[in-house]
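Make a model of the complete structure from these sequences and hints.
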Amino acid sequence: MDNQKWSLAFISLAFLFITSSSAEFLIQQVTGGRGADYNSSYSLTANLGVTRVLREERPSSKIVTITSFSVIKGRGEPYESSVFEAAGYKWRLVLYVNGNPNDGGNDHISLYARIEETESLPVGWEVNVDLKLFVYNGKQYKYLTVTDGLVKRYNNAKKEWGYGQLIPQSTFYNTNEGYIEQDTGSFGAEIFIVSPAQQQEKVTFISNPPDNVFTWKILRFSNLEDKFYYSDDFLVEDRYWRLGFNPKGDGGGRPYALPIFLFAQGHKANSVVTNTWGAANLRLKNQRSTNHRQIYTAAWYPIRSDYGVGVNNIILLADLNDATKGYLVNDAIIFEAEMVKVSVTNIVSA
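Taken in order, the sequence shown gives residues -23 to -1, 1 to 327; the numbers are from mature numbering (1 follows the signal peptide of the UniProt record, and there is no 0).
Take the hints with a grain of salt, since some may be wrong.
[What the hints assert, rightly or not] Cβ pair distances, simulated, as ranges:
1) 325 / 79: 43 to 49 Å
2) 247 / 187: 16 to 22 Å
3) 103 / 79: 49 to 55 Å
4) 202 / 229: 17 to 23 Å
5) 247 / 296: 40 to 46 Å
6) 250 / 54: 56 to 62 Å
7) 153 / 27: 20 to 26 Å
8) 271 / 169: 51 to 57 Å
9) 45 / 325: 54 to 60 Å
10) 137 / 158: 24 to 30 Å
11) 252 / 299: 36 to 42 Å
12) 59 / 247: 31 to 37 Å
13) 170 / 80: 19 to 25 Å
Rather than coming from a laboratory, the hints here were simulated on the basis of the structure.
Source: prediction; values computed, not measured.
In this text, a Cβ means the ideal position worked out from N, Cα and C, and glycines have one as well.
What follows is the structure, given as structure tokens:
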């Protein structure tokens, strides 16, 4: 058999440095980012909901590099970067090299992203942001990435978000750690807008759906060849199905037993194309009594149409050919599929 089937089986620094000169120190600012060729990161520390992870990729929204860092070490006033654009809005980075005492930043470096030029935004504006802030480690050629996983809600009442305890000063100013190299430190930000999804994909399981029984009568059974035969397609909910079997047997049942498989085919026009759950009773009908041979099968059927689930031995061929059993009558057999549960996927409002 060419098609795949199973028997009763539930079968993802280059460090950018722009040079210019200044009398005492140089502030370098870079907007934009570049992906790295590979991703290698590990957890450095995590506390109070804030995670700190080293990664190789540069920040995508903003980088600020300060040379002659010792000139401003110990200063209490913040450095405010130039305005940059990210995610359709204007921003500045606000850096406290001696920590922000109003945000628990004593003995730490503090860093914030502040939204700017909000006068043009509509009344009652609100911007939800996934914010990550960064400190470059030149020793490891990686960025310490600081985030708490919470969405930052910017509005007129709160235009600045960040971390008072971005990194301890004892760590940052320790040259053995790698955050200060040649009296230079670098910081960054990534700003992504969190827009709530307007739609969602909803998977519903339908028990005993309408028109869920399909009957297939095979005539001239004794003349059938050693190959797979397939029924016509039948539609249940959003997907077409069909039965298939080889009269000479298949797999472990060959050549002593009769197999039966259920295949999922294509989807109905305009339906949502996804995997489909199919649970069915597969029967070989007894044409003289209610003593049918039946098996239950259930599986996630993939989008492709070459996947069948069933059994290699719904009945032994010796029993099938026994005229007194009632399964083969007038050289004909009858298969039946009763779809007892199927999934339907729809796109609905979130």
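Verification of the hints:
1. 325 / 79: 43 to 49 Å: Holds, at about 46 Å.
2. 247 / 187: 16 to 22 Å: holds (18 Å)
3. 103 / 79: 49 to 55 Å: violated (24 Å)
4. 202 / 229: 17 to 23 Å: Holds, at about 21 Å.
5. 247 / 296: 40 to 46 Å: Given about 45 Å between the Cβ atoms, the range holds.
6. 250 / 54: 56 to 62 Å: Because 59 Å falls inside the window, the suggested range holds.
7. 153 / 27: 20 to 26 Å: For residue 27 against residue 153, whose Cβ atoms are near 23 Å apart, the range 20 to 26 Å holds.
8. 271 / 169: 51 to 57 Å: Given range 51 to 57 Å: holds, Cβ gap about 54 Å.
9. 45 / 325: 54 to 60 Å: holds (58 Å)
10. 137 / 158: 24 to 30 Å: With a Cβ separation near 29 Å, residue 137 and residue 158 satisfy 24 to 30 Å, so the hint holds.
11. 252 / 299: 36 to 42 Å: holds (40 Å)
12. 59 / 247: 31 to 37 Å: violated (51 Å)
13. 170 / 80: 19 to 25 Å: holds (24 Å)
Hint compliance for this structure: hints 3 and 12 are not met, and every other hint is.
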